[in-house]
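All chains should be built: construct the whole structure from the sequences, respecting the hints.
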Amino acid sequence: MRHLRIPVLFSAVALLLAACGGQGSGSTGPTPIAEIGDGEGELNLIIWAGYAESGETDAAYDWVTPFEDETGCQVNTTNMTDSNNGVSLMQSGEYDGISASGDATTRLIASGLAAPVNTDVFENYDAVFDDLKNLPHNTVDGVNYGVPHGRGPNLLAWNTEEVTSAPTSWEPIWEGGADYAGRISIYDSSIFIADAALHLMATQPDLGITDPYQLNQEQFDASVALLEELDANDPLYWSDFNDQISSYASGDVVIGTTWPYQVNLLQAESAPIEATLPEEGTTGWSDTWMMYSEAEHPNCMLMWMDHMMSPEANAQATVWFGEAATSEPACEAAEALSPGHCESQHADDPGYWENVWYWSTPQEDCADDDPDTTCVTQEDWVDAWTSLRGA
Amino acid sequence: MTTASSVSAPETPTPQPGRLRRFAAWLHLHKRVQRNLLLGGPLTWMVVAYFGSLFILLLGAFWDRDPFTGQVQPFAWSLDAFESLITNPVYLTIAVRTITIAAAVTVTDAILAVPIAYYMARIATPRVRQLMVVAVLMPLWAAYLVKVYAWRTILQGNGFLEWALGPFGVDAPGLGQILNAWVVLSYLWLPYMILPIFAGLERIPNSLHEASADLGARAGITFRRVTLPLVFPALVAGSIFTFSLTLGDYITPDLVADAKFVGNVIYDNSSLGNLPLAAAYSLLPIVVMIGYLLVARRLGAFDSL
Amino acid sequence: MAVDTARYESADPDIGSAVPAVRLEGVVKRFGDVTAVDGIDLEIADGEFFSMLGPSGSGKTSTLRMIAGFEEPTEGRIWLSGRDMTGVPPFDRDVNTVFQDYALFPHMSVGDNVGYGLVVRGVPRAERRTRVTDALRMVRLDGYEARRPSQLSGGQRQRVALARALVNRPRLLLLDEPLGALDLKLREEMQIELKAIQAEVGITFVYVTHDQEEALTMSNRLAVFHDGRIEQVGTPADVYEHPTTTFVAGFVGTSNLLTGDAARAVIGRDGVYTVRPEKIRLADPTVEPADDEGSAAGRIGEVVYIGPETRYIVELEIGGQLVVTQQNLETSSMEALETQGRPVRLIWKRRHVLSLAKSEGVEGETEEETSR
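Residue numbers (this note's numbering), protein chains in the order written: chain A, 1 to 391; chain B, 1 to 305; chain C, 1 to 372.
Hints are computed from structural coordinates only; laboratory data are not their basis. Think of the CB as a built atom: it goes at the ideal place given N, C-alpha and C, for glycine as much as any other residue. It is possible that some hints are incorrect.
To be verified - Just a few of them, taken from the derived set where beta-carbon distance is under 7 angstroms, the chain B residues facing chain A: (1) P67; (2) T69; (3) G70; (4) N88; (5) I94; (6) G174; (7) K260.
This is how it looks when you write it as structure tokens:
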């Protein structure tokens, strides 16, 4: 986030112009494009770091250049730091699409920013695992608003020289934080409150947490209280994956939450870093490529979506980031890059994913049909996070 | 000239002034047009880009926002942003923290800058003075981010500090200390304090110092009774820089101290989509600086800018 | 205070009763490659109004600054009232200075400026107040205590600077071209006032100026500086009437030199001679000079009408030129200007011709009359 110094003003001007311009789009529900036309020559994407490699870090991992060569769509990417940032970037209207996690997708659909897509236009959609199709976070009333990219868990990572007995649960962070005071690495986003709720789900069943993203006030307060205990141990918060890598590499942090991506990069540099999926489960993501409803380059975006489901690209992307591939053909292609990839990532193991809580948006109605329950809203999550981080 | 010679002389018509020259002559007689041409561009820029954006910022603070999607709704008026600022005490904490560090950085820079500037202006030979001016300006040649990242390598684990002081049992401070922000910001803005004080000291005629000595004052008394009061407006001028730059900074606190300043909240909220809150909170440094500038003007700082 | 001029004319420091207020011995000041003061020996008696006269760059200000202590001599020694000042900083010298730019502290009131020296010396408040009031009264600025220097006129600032120095009752007051920034009228007033104040307080004044008239009117004695050296020391009358070198003749007054062929033809001898312009009379070419008079024929070149007098630049037939000033007793400006181009005869008393042939000693005839 700090590398993008977008002044508030420009966003404001953009908003003002947007307001003066066309109004009331998205409400009528545009019909999805029925056939992919010619590429527009350019494609602007909001991505998670590592989701669009062109061989600059490792020449073996390049799924952007083949796409550009084939379609003539020049790919430009912007990293988001968290889902809130991704939503905000989509609101600017300058991007064709985003690799949105579940906590962004619902907001993008609700605000009309995400375009419905007709999955029939994609060659590679049929092969996608069934449990990745028509998921509630990217499908509303049977209308698809995107296609899957991959899924993965948030992991507990540690420095094997400093943490000698390999942890199997989140306990060293939540209960044993004082042992690692000042050396804990924590993801800097309001969505991390869910990680606290997840831990409470296992340790304090009395609270009755059933979904770490849909919390009533009592559950929410308990989660925030747990976070405050953690915060008292001076963790180092990361929002840029590079910062986290350099913190682990320098030894400033020795344990914390991370993405498989950083673990791969650190291990590639022979850093003494190990990671695990703790026994009480974890938060994670199931990412969806979504198209902006007024995208400037819709054909390129649709071609990109199809490309990202193709066996070669999907295999490369998911191996590179360390997440599960989305189809059987992709798993076969991944064997060449990383033998046993799909097995170790549980790509086709629906049972495994029951232990992983995909990021999703906290909603006032608790995202259920029960009219009696109310949950703490996304806005309050952000507010609580600001309080925690700013105090 | 006789009639005969005027007849025989070849016709030399009075040289017709070029179009540009005629325009220049006309301009010379129309001072208002001249002034408008000179200031038109910059003033338009000032009004449209500068005040215009400030105005939109102010406006944005009162816009409503969908709590679920985060979508800002321009021209839908609401005081929600201000309400959040008031009800959540964290915003006051952050404001106090930011202003405290800004004040600490200002005082630190003043304490460091006065002796350096004094040496440059009054003691150093012209050659040494030139070298010192270059040395003071040198950090300004490097990009801001480069300097902050350099400080990260000093402060972080396995960094320079640990290497240098490790043998004495001193650990690296790490990147989570608020004191880091104080040190790094003091370093970053020091030139902005030295230069005005240096200029202010240079403006004091040497005869004033001689007169003070001549009247029986030792160097210390001269400094306290003559030099310091005369350079004080320049010091206040420098403090405007150090204070306002610190007040608006958000990269350094984030990178070296993992601390939230006012700027971080503004940045975070604009990047997370809560533009009204960002706009409302950014009014705080504006108000603080207006107050600061009013006080500075009373202290005569603008006479020495 | 009446100053006994005779005492100074015969001043012989070894015999003089009092210890000299200032004594310089072989003082040299070099700034890098530049020699500002090139070996000066000088004694200034207690109570004297002594001027150091010279063009800019002649070393007079450097000498003053060494006496004040702002500069240390490269070579030589300085004694103030018999005390060796080597290594003594300005704040430990019983000397005060009036600066050319007055050097008033802009952030202090007039009263605080004047009282500054008393404050830093720890004079009690009550005494301070009376002394400040007295000093301001002396320079006729009583009641101005609360003003800021920026609210004063140039002449008033000058007087504040004077009061600020005098309030400390120094033994020696140094004045560095103190009237240089004032206009003519004010300067003349201040000259008289300064002289009166010096007489009143009886402090030794060392006065640096490049204005020969100022030096002549105010001083008991003066030294003419040139190229870091002293060309001549003496009473104003001495220096004006008997300049010993061509430089002094030129700097103090108008030079009017007769050299080479002109000297041989007019004076009848080789050498360098001068006649003061006011000693020369313009006459009709036919007029014959008297026995004790010299003369030369010429033609009036430029005519400069100055008001009370007119200055004629006369081109001599035998080459060279002489400047002649004549009081405008009867002539008007028109008449004066009409004389341009006329042939004239210049006539002067032989005893008014001064020989500058050598840098030491006076060969020309002299006379007692010194009025101008």
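How the hints compare with the structure:
1. At a threshold of 7 angstroms, the smallest CB-CB gap from P67 (chain B) to chain A is about 4 angstroms, leaving the interface hint in force.
2. At a threshold of 7 angstroms, the smallest CB-CB gap from T69 (chain B) to chain A is about 3 angstroms, leaving the interface hint in force.
3. The restraint placing G70 (chain B) at the interface with chain A holds, with a minimum CB-CB distance near 6 angstroms, inside the 7 angstroms limit.
4. Because the smallest distance between the Cβ of N88 (chain B) and any Cβ of chain A comes to about 6 angstroms, under 7 angstroms, the interface hint for this residue holds.
5. With its C-beta approaching chain A no nearer than about 5 angstroms, I94 (chain B) sits inside the 7 angstroms limit, and its interface hint holds.
6. Taken as an interface hint, G174 (chain B) checks out: its beta carbon lies about 5 angstroms from the nearest beta carbon of chain A, inside 7 angstroms.
7. Against a cut-off of 7 angstroms between C-beta atoms, the interface hint on K260 (chain B) holds, since the closest Cβ of chain A lies about 4 angstroms away.
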